[in-house]
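Those sequence lines, one after another, are chains A and B. Under this note's numbering, read the first sequence as residues 4 to 350, first letter to last. Under this note's numbering, read the second sequence as residues 4 to 350, first letter to last.
Heads up, some of the hints might be wrong.
From the derived model, a few chain B residues whose C-beta atoms are all more than 12 Å from chain A [as the list claims (entries may be wrong)]:
no.: 1; residue: Arg55
no.: 2; residue: Ser143
no.: 3; residue: Arg168
no.: 4; residue: Ser196
no.: 5; residue: Gly213
no.: 6; residue: Pro225
no.: 7; residue: His237
Which bits of chain A does chain B cover? Going by a derived footprint, with three or more residues having C-beta under 8 Å, they are [claimed, not checked]:
no.: 8; segment: 70-81
no.: 9; segment: 281-289
Simulated pairs of lysine-lysine, DSSO-like, Cα-Cα distance not exceeding 27 Å [as the list claims (entries may be wrong)]:
no.: 10; chain 1: A; residue 1: Lys62; chain 2: B; residue 2: Lys62
no.: 11; chain 1: A; residue 1: Lys16; chain 2: A; residue 2: Lys35
no.: 12; chain 1: B; residue 1: Lys16; chain 2: A; residue 2: Lys62
no.: 13; chain 1: A; residue 1: Lys16; chain 2: B; residue 2: Lys62
no.: 14; chain 1: B; residue 1: Lys21; chain 2: B; residue 2: Lys62
no.: 15; chain 1: A; residue 1: Lys269; chain 2: B; residue 2: Lys269
no.: 16; chain 1: B; residue 1: Lys35; chain 2: B; residue 2: Lys62
no.: 17; chain 1: A; residue 1: Lys21; chain 2: A; residue 2: Lys62
It should be emphasised that the hints constitute simulated quantities derived from the structure, not laboratory data. Because the structure is a prediction, the values reported are computed rather than measured. All C-beta atoms in this analysis are idealised placements derived from N, C-alpha and C, irrespective of residue type, glycine included.
Number of protein chains: 2
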Amino acid sequence: MSSRATIIDIAGKAGVSKSTVSLVLSGSPLVKAETRARVETAMIDLGYVYNRGAASLRKARSNIVGMVINDLLNPFFAELAVGIERALQGSDYIPFIANTGENPARQAQVFRSMREHGATGIIVCPAVGTDAEAVDEITSGGIPVVQAMRRVSGANASAVIPDNRAGGARAVEHLVRLGHRRFAFLGGYARMSAFRERSQGLLDGLERAGIAPGPEVLIEAPPTKAGGVSALAHALALPEPPTAVLCFNDIVAVGAVHALAQRGLKAGVDMAVIGFDDIAEAQHLAPALTTVAVDTIGLGERAAQMLLRQIESGHPRVETYVGEARLIVRESCGAARAHASQEGVVA
Amino acid sequence: MSSRATIIDIAGKAGVSKSTVSLVLSGSPLVKAETRARVETAMIDLGYVYNRGAASLRKARSNIVGMVINDLLNPFFAELAVGIERALQGSDYIPFIANTGENPARQAQVFRSMREHGATGIIVCPAVGTDAEAVDEITSGGIPVVQAMRRVSGANASAVIPDNRAGGARAVEHLVRLGHRRFAFLGGYARMSAFRERSQGLLDGLERAGIAPGPEVLIEAPPTKAGGVSALAHALALPEPPTAVLCFNDIVAVGAVHALAQRGLKAGVDMAVIGFDDIAEAQHLAPALTTVAVDTIGLGERAAQMLLRQIESGHPRVETYVGEARLIVRESCGAARAHASQEGVVA
DNA sequence: GCAAATCTTTGGAACGTTCCAAACGAGAAC
DNA sequence: GTTCTCGTTTGGAACGTTCCAAAGATTTGC
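Could you put the whole structure together from the sequences, leaning on the hints where they help?
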């Protein structure tokens with residue numbers, strides 16, 4: 004009871020050699036059905052649990068794949084994690100999730116731990132401020148890595164990301180059609196890859212519409228609700244405040260909407276607000292949030308598949324998958340109101 | 004490069020024996036400072052990574068603690084997970100999270116995997132439908148288990164849970180003070196421990212107020228937004244519809260509010276709605292959700308501490324911690340409106 | 001009935017670590 | 001000079017598994 008039963012214990016109980024037990028364990032067709040049955044009942048009787056540590060010591064490969072997530076409290080990343088996990092069901096690998104809380108030091112710790120446990124592959128949503136070396140160290144150790152949603156610039160690893168830039172442009176296009184001319188991009192930091200891509204999308208959209216961006220289009224702030232509140236305050240304080248804002252993500256948008264409400268203003272009426280990510284609750288907010296959907300779950304599955312492929316094919320090539328970003332028009336951009344005064348709008 | 008460097012490789016490079024390297028690894032004070040330094044640079048040079056599988060093979064104890072969570076997409080449980088993880092920082096243990104998606108079969112798989120990897124302890128938010136045996140099998144294998152937020156009835160394991168019953172009663176008390184007489188409890192299933200406790204709290208509250216519960220107070224439904232929508236529809240279709248509803252959790256409450264809105268009704272005006280859990284976005288909903296807060300993060304930390312204590316003390320006793328449940332009055336219960344017509348209300 | 005062919009089963013050597021008992025080196029004490 | 005002691009270091013035997021070569025059964029062919 005105190006110390007676990009080993010393969011040798013079952014061998015004894017079943018009257019065979021440990022090699023045979025091992026064969027049974029690995030589902031080998033070599034062993035006779037009757038023997039297999041005897042061994043299996045012995046395993047149940049003794050409450051045998053497989054010792055993967057010992058096994059991978061010999062095999063030099065475990066069945067762990069690590070998922071290193073920057074922020075599980077952000078439903079966006081939680082959805083991603085679940086998408087990944089779902090795609091890993093049925094494979095021989097079992098995913099262990101670790102949360103880094105956007106802290107590179109913690110992330111380094113987690114990376115180390117996963118390597119120490121012999122992880123076969125790692126999917127990572129890198130924490131802000133991750134340096135390329137932290138990632139390369141893993142890949143050069145022979146462990147395939149897939150970055151999801153974010154990428155560390157300079158890192159030599161595969162990635163699965165949404166087309167942030169096109170998504171941003173699409174949002175602006177829509178706003179321009181609704182008649183807006185003064186814009187701002189709220190929240191996030193320039194050192195986040197998603198910030199650069201999404202805001203660049205906004206600039207692309209402006210350029211295409213022949214609108215010169217104001218002096219302070221990009222307003223950096225924490226990618227949180229509080230960040231959204233402060234960024235919106237900042238925007239309103241500008242000499243020429245924007246009439247429409249594209250937010251770094253939905254959480255920031257929630258903050259922006261909140262900040263408007265505090266001032267007696269309403270998103271979709273007094274200011275157009277568009278988010279990014281399309282988290283599940285975006286549609287339950289009031290007003291329902293117009294946002295750029297990135298197919299979070301789908302990207303998660305894609306990342307898992309990519310990782311599995313890289314694991315199978317001994318020597319993985321670095322590849323990148325860019326998923327589509329679609330604008331989901333709801334209420335917070337004022338499309339409903341505009342709808343009455345202008346003609347119908349299709350995203 | 005291909006195969007990892009071992010303790011013996013560094014021993015060779017540093018000109019010492021493998022035993023000495025092992026000593027350095029474990030931070031023993033026996034080894035001379037100079038030797039330690041030589042070994043350490045050798046480790047860096049060779050890019051050594053510790054092989055925990057091999058180590059725990061000898062030591063029979065790994066540093067993994069497992070967190071088995073029923074639904075990471077529910078922000079409530081995500082918060083719990085993060086609370087736990089936070090409390091585990093700084094300890095020698097590293098937490099691996101797995102999501103069961105409320106699926107007992109999947110959960111069994113995860114349990115097995117964690118035992119196979121030699122987890123030192125497990126914190127579990129049991130999936131609905133978990134049987135006591137699934138939990139007992141682990142504890143009787145000598146691995147301490149702490150249940151969090153939910154408990155499997157009959158299972159012989161410690162638990163950290165909120166005082167659901169008192170919380171439910173407190174919510175009803177408040178609603179009664181606002182003048183409500185007809186109630187319903189929406190969402191969840193009677194086989195969930197939290198459902199039984201929370202709805203019992205509602206019944207307690209009614210009894211204390213001398214109100215006889217109607218024939219269909221408890222309306223079961225999935226503990227999801229969709230469940231909230233359908234449960235509310237069911238409630239409205241009753242011959243004598245309730246004027247106030249207590250929801251199984253905040254997600255259900257979101258569904259209920261949504262369902263009201265679809266009918267042109269407003270929570271807090273046409274019907275009082277109270278949620279449970281106080282997830283982060285409860286305060287950003289419109290109307291802001293009145294709810295019973297259970298100090299999610301705090302309970303998570305508590306669970307982690309309890310587990311660590313059980314791990315340290317060789318043979319763990321089964322203990323239960325019950326945390327406080329506080330009513331947070333916001334808008335969805337109509338307190339604001341009542342405030343104008345009646346006297347001030349304190350929860 | 002015997003050799004060949006086919007199924008099954010098996011001992012023993014790894015794998016990378018920890019731990020123990022024992023050895024070593026250098027002063028200290030005699 | 002010998003013996004003790006103390007501070008360091010070290011070989012070798014585990015730990016529970018997999019894998020290999022080879023041995024034992026059993027069947028087949030003649």
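Results for each hint:
1. Arg55: violated (4 Å)
2. Ser143: Contrary to the label, Ser143 (chain B) does not stay out of reach of chain A, its closest Cβ about 8 Å off (not over 12 Å).
3. Arg168: holds (28 Å)
4. Ser196: It holds; Ser196 (chain B) is separated from chain A by about 24 Å at its closest Cβ, greater than 12 Å.
5. Gly213: holds (36 Å)
6. Pro225: holds (15 Å)
7. His237: His237 (chain B) is indeed farther than 12 Å from all Cβ atoms of chain A, at 20 Å.
8. 70-81: With 4 residues closer than 8 Å to chain B, the segment 70-81 of chain A meets the three-residue bar; holds.
9. 281-289: holds (count 5)
10. A:Lys62 <-> B:Lys62: holds (19 Å)
11. A:Lys16 <-> A:Lys35: holds (17 Å)
12. B:Lys16 <-> A:Lys62: holds (25 Å)
13. A:Lys16 <-> B:Lys62: Status holds; Cα separation ~25 Å.
14. B:Lys21 <-> B:Lys62: Distance ~17 Å between Lys21 (chain B) and Lys62 (chain B) Cα, so the pair holds.
15. A:Lys269 <-> B:Lys269: holds (18 Å)
16. B:Lys35 <-> B:Lys62: Given pair Lys35 (chain B), Lys62 (chain B) holds - Cα atoms ~25 Å apart, limit 27 Å.
17. A:Lys21 <-> A:Lys62: holds (17 Å)
Of the numbered hints given earlier, the model fails hints 1, 2; all others are met.
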